[in-house]
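Visitor: In case you want the letters, here they are:
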Amino acid sequence: MTEYALEVKGLTKTIGKNKRIVNDASFQVQHGEIFGLLGPNGAGKTSTIRMIVGLIRKTEGKVIINGKDLDEAGQLCKTDIGAIIENPSFYDHMSGYKNLQQYARMARTNITDERLREVVDLVKLNNAIHDKVKTYSLGMKQRLGVAQAILHKPSVLILDEPTNGLDPQGIRDLRDYLKILTEQGISSLVSSHLLSEMQLMCDRVAIMEHGKIIDISHISELNIQRDEVNLVSFTVSSLEKAKEVLANSTSGIEIVEAENESVTLSMSYENIPKINQLFVKNDIDVFAIESAKTSLEDRFLQLTAVGKKAEE
Amino acid sequence: MLSLLKNEWIKLWTKKQPWIFVGLIIVFTLLFTLMYYSFEANTALDSDEWQMQLEQEIEQEREILQSEDASEWEKDFAEMIIEENTAYLEGGINPRQFNNLIYMNDTLLGVASFITLFSVIVASSIVSSEMNTGTIKQLVIRPYERWQFLVSKFITVVLFSIVLIVTLFVTNYILGLILFDTASWNTAMIERSFEGAMVETTAANLIFSKIGLYTLNMLVFVVISFSLSTLFRSQALAVGVGIFALFATTMSQALNFLLADTAWYKFVIIPHLSLTEYVVHDTIIEGVTLPFSLAVLAVYVIILLGLATVYFQKKDIAY
Chain A
0 MTEYALEVKG LTKTIGKNKR IVNDASFQVQ HGEIFGLLGP NGAGKTSTIR
50 MIVGLIRKTE GKVIINGKDL DEAGQLCKTD IGAIIENPSF YDHMSGYKNL
100 QQYARMARTN ITDERLREVV DLVKLNNAIH DKVKTYSLGM KQRLGVAQAI
150 LHKPSVLILD EPTNGLDPQG IRDLRDYLKI LTEQGISSLV SSHLLSEMQL
200 MCDRVAIMEH GKIIDISHIS ELNIQRDEVN LVSFTVSSLE KAKEVLANST
250 SGIEIVEAEN ESVTLSMSYE NIPKINQLFV KNDIDVFAIE SAKTSLEDRF
300 LQLTAVGKKA EE
Chain B
0 MLSLLKNEWI KLWTKKQPWI FVGLIIVFTL LFTLMYYSFE ANTALDSDEW
50 QMQLEQEIEQ EREILQSEDA SEWEKDFAEM IIEENTAYLE GGINPRQFNN
100 LIYMNDTLLG VASFITLFSV IVASSIVSSE MNTGTIKQLV IRPYERWQFL
150 VSKFITVVLF SIVLIVTLFV TNYILGLILF DTASWNTAMI ERSFEGAMVE
200 TTAANLIFSK IGLYTLNMLV FVVISFSLST LFRSQALAVG VGIFALFATT
250 MSQALNFLLA DTAWYKFVII PHLSLTEYVV HDTIIEGVTL PFSLAVLAVY
300 VIILLGLATV YFQKKDIAY
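Protein chains in written order, with numbering that gives the first Met the number 0: chain A, 0 to 311; chain B, 0 to 318.
Possibly wrong hints are sitting among the right ones.
[To be verified] Calculated lysine-lysine pairs in the PhoX-like style (CA-CA distance at most 20 Å, straight line):
(1) A:K178 x A:K123
(2) A:K8 x A:K61
(3) A:K97 x A:K131
(4) A:K97 x A:K152
(5) A:K67 x A:K8
(6) A:K18 x B:K314
(7) A:K123 x A:K97
(8) A:K211 x A:K16
(9) B:K15 x A:K97
(10) A:K211 x A:K61
(11) A:K178 x A:K152
(12) A:K280 x A:K240
(13) B:K313 x A:K61
(14) A:K280 x A:K242
(15) A:K133 x A:K123
(16) B:K15 x B:K5
(17) A:K97 x B:K265
(18) A:K240 x A:K273
(19) A:K133 x A:K97
(20) A:K67 x A:K152
(21) A:K133 x B:K14
(22) A:K16 x B:K313
(23) A:K131 x B:K14
(24) A:K18 x A:K211
(25) B:K15 x A:K131
(26) A:K16 x B:K314
(27) B:K15 x A:K133
(28) A:K211 x A:K8
(29) A:K152 x A:K123
(30) A:K97 x B:K14
(31) A:K273 x A:K242
[To be verified] Estimated spans, in silico, between C-beta atoms of each pair:
(32) A:K18 x B:Y264: 42 to 52 Å
(33) B:Q312 x A:H217: 38 to 48 Å
(34) A:Q27 x B:V309: 28 to 38 Å
(35) A:R107 x B:V198: 52 to 62 Å
(36) A:K8 x B:Y310: 27 to 37 Å
(37) A:T134 x B:I19: 16 to 26 Å
In short, the hints are calculated from the structure, not lab data. By construction, the Cβ of each residue, glycine as well, lies at the ideal position given by its N, Cα and C atoms.
Can you build the whole structure from these sequences, using the hints too?
Guide: As structure tokens, this is what we get:
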């Protein structure tokens, strides 16, 4: 087995006169890993992905899939890849099954009817697979998109903004498929501008801004740091009483926000049980304790703020 | 590559449009035949009478030639008719006789412009529609070279226009068998052009050279609209240019007359887009023969298809 499922080295895309929409991007996706590409719109995520799947030509750099160079063995590389580029479009006048047959015929390996049914089963489209695609909802199209991407059993799955336009159920389904596929040994590259999604979906995340990759970290590393200061909100029965109790306590905890039955506090992770105890002792019911911001969001804002300062 | 072709063929025929086009060709052939049948067939003459009538006509025209009142134009016309009728008499061909092959020769190309129109519409949409709906993205990420998609699409369009031509030919032939007497493919026939040029040959020769030249001609229109729709990603533009070229050929007679003396005109594509002229003419402009026309068209076809392929091969698909 090769070292990485997907390796990108110094990938650069220049359009027009020296406008670098992707600037020297490098990262590696390990076998069986879900790797996220996170960044605001226009950061270069989509261009990076399109260069990997060969939709746009790269100006510089290398793409290596399972040890094979895309420039030297393009067709071999493409047989290893399954991709969903944005909201996948299909031939509306044909049924979902006929669409899948189209993609099955284009695969380099023979895809049996049995395999087709297996994939349809996985994405739970059995009831609608013989209906015309124009009758499908966006969520169903996305599931058909997953089906066409995994039909030929690729080892690398590439998803460009896969959650765009999906409802929460659709997003959840997609996450579940990804988990199942990862268990089967597929490696995935996912791009998104939705932080919370990436945090739930990925093992590692690269943050991209202005065409550059500014950080790569493990999601587990990003999870709440015990000694760091976090924003935590308590949903309580009486806001006034809670404020009073906090003001009288000597904990030195700052109230950041207090509205809609909840107080948001800036405090360390270790202090959460203590505050909870304090509320309970003073007859304040606590309904929920939540981390107000995701750790990835913190990290993202912190990094992009640094980026902005450096530019100024 | 064969599986790509199969895919394209399935994609084409699961739409309603091609079926409608085939149906329309059959309907138009029927209508055209009914018109022809009701107008032309009752002018038919028996075998004994036709020679007499042709001779009578020659007499009448001779009188016009000798009369002093007749204008220059009338005299020219009279001379033409005399020449024609003499040819018919010498060849033993009854011009007022009807059989299935004469009918075919007269009507076959009448509906054929619709074949060009329908083929141009299909050729313009087969690439551009996939670019507009975004399905092209799902194609080019597959393990094939991009030009292979383009080639399979082009072959599909060509096969489709051949289906239309076969539909026309078969419908026409069957109607001919039903409505008229059956003649041998070796029957002698005379074909006239507007200016009175004549060629005497067999029915088979005439009909098949018409169909053959027509097909070559139509393929050029297919290439023009296929390439333009690929280059400009616009079906409207490609259909427009295709139809414009189709109309431009109806003006080519006038242009041929006006521009025949210029050195460059014979290298323009327009005069060569009415290849069926070569059924009766050896040259369409002085010095321009069928091989020359085919060579000029071949150059245009290679350039257009070459540009479309190179462009499609390199293009960034970022929409």
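Visitor: If you test the structure against every hint from before, which numbers come out violated?
Guide: Violated: hint 17 alone.
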